[in-house]
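Asks: Sequences listed follow chains A and B, in order. Note that the working numbering has the first sequence beginning at 1, numbered continuously upward. Note that the working numbering has the second sequence beginning at 1, numbered continuously upward.
Note that these hints are calculated values from the structure, not bench results. In this text, all values refer to a predicted model and were calculated from it rather than measured experimentally. Virtual Cβ for every residue (Gly too), placed ideally from N, Cα, C. It is possible that part of the hints are untrue.
Not everything, but these chain B residues come out facing chain A in the computed CB check (under 10 Å) [as the list claims (entries may be wrong)]:
1) 15
2) 33
3) 108
Which residues of chain A face chain B? A few of them, derived with a C-beta cut under 10 Å, are [unchecked claim]:
4) 6
5) 8
6) 43
7) 46
8) 67
9) 68
10) 85
11) 89
12) 91
13) 93
14) 97
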Amino acid sequence: GNSVTQMEGPVTLSEEAFLTINCTYTATGYPSLFWYVQYPGEGLQLLLKATKADDKGSNKGFEATYRKETTSFHLEKGSVQVSDSAVYFCALRINKFYFGSGTKLNVKP
Amino acid sequence: EAQVTQNPRYLITVTGKKLTVTCSQNMNHEYMSWYRQDPGLGLRQIYYSMNVEVTDKGDVPEGYKVSRKEKRNFPLILESPSPNQTSLYFCASSLYSAGENIQYFGAGTRLSVL
Chain A
1 GNSVTQMEGP VTLSEEAFLT INCTYTATGY PSLFWYVQYP GEGLQLLLKA TKADDKGSNK
61 GFEATYRKET TSFHLEKGSV QVSDSAVYFC ALRINKFYFG SGTKLNVKP
Chain B
1 EAQVTQNPRY LITVTGKKLT VTCSQNMNHE YMSWYRQDPG LGLRQIYYSM NVEVTDKGDV
61 PEGYKVSRKE KRNFPLILES PSPNQTSLYF CASSLYSAGE NIQYFGAGTR LSVL
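Isolated chain A, as found in the complex:
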């Protein structure tokens, strides 16, 4: 079947630290991959996406590369800010969306 597994949180970092949130997937076909972000009290917003193997999605300093060989789509950012504190969801799409359980990121000044 189709599913997404992401690392459990919360993840607590100091400002300017390097961020990695791991995401792996299983899929019966060739999915598109997404990272969504949910800020406190809000709905989910698309952060970045990749539609095929080796594609790199990027936005607001965040990056993720579609790795078919390892079925992974890890989210990275070189220097996090307090304003990046949110819940991050990895997702795949084959006909419908499948979401991971979310990883809460806390960034301290």
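Given chain A's structure and the hints, the job is docking chain B onto it.
Replies: Just chain B, lined up with the frame of chain A:
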């Protein structure tokens, strides 16, 4: 402005009292979906619709109903709410059901069933 609008944002009700959460999108999207978000469980899909009069069960459909009489609206109906339906609900829409198309989310409805 392109948006998905849910109402109400907050709702407290009692067991067994029927309720409807409305969802409307202004982007002419074919695909619409309802999710619930619970701590430690992430987002779980309740129902989805690929177009008018076409609906299908998601992962957790029990206790919920939906309808899609118009393209823009996709209400979620709880005929007899129970406390285990206390959750945060999100409506979402996208242009097509497959491929890379992005899903847009509403701001959420926080429901408490006493």
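Asks: If a hint holds in the structure, say so; if it does not, say that too.
Replies: Hints versus structure:
1. 15: violated (27 Å)
2. 33: The hint holds - residue 33 (chain B) has a Cβ within 10 Å of chain A, the shortest such distance being about 7 Å.
3. 108: Holds, about 5 Å.
4. 6: It holds, given that the least Cβ distance between residue 6 (chain A) and chain B is near 8 Å, below 10 Å.
5. 8: holds (9 Å)
6. 43: Interface hint status for residue 43 (chain A): holds (4 Å vs cutoff 10 Å).
7. 46: Where the cut-off is 10 Å and the nearest Cβ of chain B is about 5 Å from residue 46 (chain A), the hint holds.
8. 67: Violated, because the Cβ-Cβ distance from residue 67 (chain A) to chain B comes to roughly 17 Å (cut-off 10 Å).
9. 68: violated (16 Å)
10. 85: With a closest approach of 17 Å, the residue 85 (chain A) hint is violated.
11. 89: Because about 7 Å separates residue 89 (chain A) from the closest Cβ in chain B, which is inside the 10 Å limit, the hint holds.
12. 91: With a closest approach of 8 Å, the residue 91 (chain A) hint holds.
13. 93: holds (7 Å)
14. 97: holds (6 Å)
Violated hints, in rising order: 1, 8, 9 and 10; the structure is consistent with all others.
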